[in-house]
Structure formats: structure tokens, C-alpha cells
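Kindly generate the complete structure, drawing on both the sequences and the hints.
Counting in this note's numbering, the sequence shown runs from 1 upward without gaps.
In short, the hints are calculated from the structure, not lab data.
If you're wondering where the values come from, they're calculated on a predicted model, not measured in any experiment.
Heads up, some of the hints might be wrong.
Unchecked claim - Pairs of lysine-lysine, DSS-like flavour, derived with a Cα cap of 25 Å:
id, residue 1, residue 2
1, Lys40, Lys78
2, Lys60, Lys50
3, Lys46, Lys60
4, Lys78, Lys49
5, Lys40, Lys50
6, Lys40, Lys60
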Amino acid sequence: MDPLQICRMAASCASGDGTHGVAQMGNESLAGVNEDDLLKNMLVFKTAKKPVTIMHLLSKGSPDVQIAALATYFLTLKK
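Here you go:
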């Protein structure tokens, strides 16, 4: 995937998970999180195995390849 496209997708995560993946207190930061764990969590949201949240709605329409690219992107950010 195009790195610029991945950055644009990640920017949409900022309202809940913080700019550059560093969240405000009370929300979960994504920066530097283990890639496998983040990918698993995002796919769980997509399949609605967790209670319906905004994450379920955002991930539902995203192909798995986009979710994997976002997981990789957030792994590269510093905590």
C-alpha cells in the first residue's frame, strides 16, 4: 500500500487513539503496540466479537490488508 494513503487512514484514528497513536488519558494509545496484538484486536472489532463501538463501524468496511497496514504503521511510531 502507498505510505501516504496509510498515513491518511491513520489520521482518522487520531480522535480516539491520539495524534501519532499517542492517546489522551482514558483512551488507548496505539503507538509502539505489538503489531500482532493490534492486528488481532482490530480484526476482533471488525467481526463484532466485542461490543459494538465506533471501532466496529470503522473497521467493518476496511479490507484486512488495510487493517494490517495500519497495525504495521502504528508499530513504527514511538510511544
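Does Lys50 sit within 25 Å of Lys60, going by the straight-line distance between their CA atoms?
holds, 12 Å
Given the hinted pair Lys40 and Lys50, is their Cα-Cα distance within 25 Å?
holds, 12 Å
Take a quick look at whether Lys46 and Lys60 sit within 25 Å of each other, Cα to Cα.
Holds. Lys46 to Lys60 sits at ~5 Å (cutoff 25 Å).
Are the Cα atoms of Lys78 and Lys49 separated by 25 Å or less?
violated, 29 Å
Against the 25 Å threshold, does the CA-CA distance of Lys40 and Lys78 hold or violate the hint?
Holds, because 20 Å separates the two Cα atoms, which is no more than 25 Å.
So if I understand the rule, the pair passes when the alpha-carbon distance is 25 Å or less; does Lys40 with Lys60 pass?
holds, 14 Å
When the structure is compared with the earlier hints, a violation turns up for hint 4 alone.
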